[in-house]
Amino acid sequence: MRKSPFKIRKAFQTFSLVALGATVSSALLGLILLYFITAGLPPVSQLKNFQHSHATEVFSDDGKKIGEFTMERRYPVDFKEIPPHVIQAFLSAEDSNFFQHKGIDLNSIFRAVWSNLIRGRYAQGGSTITQQVARALLLESKKKVITRKLREMVLAHRMESELSKEEILGLYLSEIYLGHGSY
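Using our numbering, read the sequence shown as starting at 8 and increasing by one per residue.
Just to be clear, a hint being listed does not mean it is correct.
[Unchecked claim] Below, in silico cross-link-like pairs of lysine-lysine (BS3-like), each with a Cα-Cα straight-line distance of 27 Å or less:
id : residue 1 : residue 2
1  : LYS172    : LYS151
2  : LYS156    : LYS55
3  : LYS172    : LYS55
4  : LYS55     : LYS150
5  : LYS156    : LYS87
6  : LYS109    : LYS150
7  : LYS156    : LYS109
8  : LYS87     : LYS55
[Unchecked claim] Using C-beta positions, here's what the derived DEER-type ranges look like:
id : residue 1 : residue 2 : range
9  : LEU48     : GLN107    : 40 to 48 Å
10 : GLU169    : PRO83     : 19 to 27 Å
11 : VAL120    : PRO49     : 21 to 29 Å
12 : LEU24     : LEU113    : 29 to 37 Å
13 : ILE125    : THR63     : 41 to 49 Å
FYI, nobody ran anything at the bench for these hints, they're computed from the structure. Fair warning: this is a prediction, and the values are worked out from it, not measured in the lab. Idealized CB from N, CA, C, for every residue including glycine.
Please take these sequences and the hints and turn them into a complete structure.
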């Protein structure tokens, strides 16, 4: 017994309408999510003239410096002054695809997610150097939540369009905490 062409056409129309509704709903939900993720993000342009933290200097009445207060002592270095082997060491350890991606490395993210699922705990990160700079210098929240990661990805993408790779790497090498009071 064959179905009539009318029933087949009606089933196809119903399926098409459901698929179209699901597509439109998904797109709308995606746009709403994107709006909430990007709302209130700081401008990436502030990194162009980024000021490294400095010591607070104390002077006497006659103008002589009598002391300094600081949590850390930093000496910013121009990117051109950083030895190539230091740059290569950081790139190989942190983000070997730095010069190939546009701020987000999906392969690294998927690898980290898979590794963390297999181990049952947070064992590996998938952030690029650009994402680490965005998190350290532009985002206030350091909580490990998916919304922060998405905001970090949006900022990383914006950074890649406004800053050169050398500027991003220079910020990273000057500002990222290495542990034991070292930056």
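Outcome of the hint check:
no. : hint                       : in the structure
1   : LYS172 x LYS151            : 26 Å, holds
2   : LYS156 x LYS55             : 23 Å, holds
3   : LYS172 x LYS55             : 13 Å, holds
4   : LYS55 x LYS150             : 26 Å, holds
5   : LYS156 x LYS87             : 31 Å, violated
6   : LYS109 x LYS150            : 24 Å, holds
7   : LYS156 x LYS109            : 16 Å, holds
8   : LYS87 x LYS55              : 16 Å, holds
9   : LEU48 x GLN107: 40 to 48 Å : 25 Å, violated
10  : GLU169 x PRO83: 19 to 27 Å : 20 Å, holds
11  : VAL120 x PRO49: 21 to 29 Å : 27 Å, holds
12  : LEU24 x LEU113: 29 to 37 Å : 33 Å, holds
13  : ILE125 x THR63: 41 to 49 Å : 47 Å, holds
Hints 5, 9, counting from the list given before, are not met by this structure.
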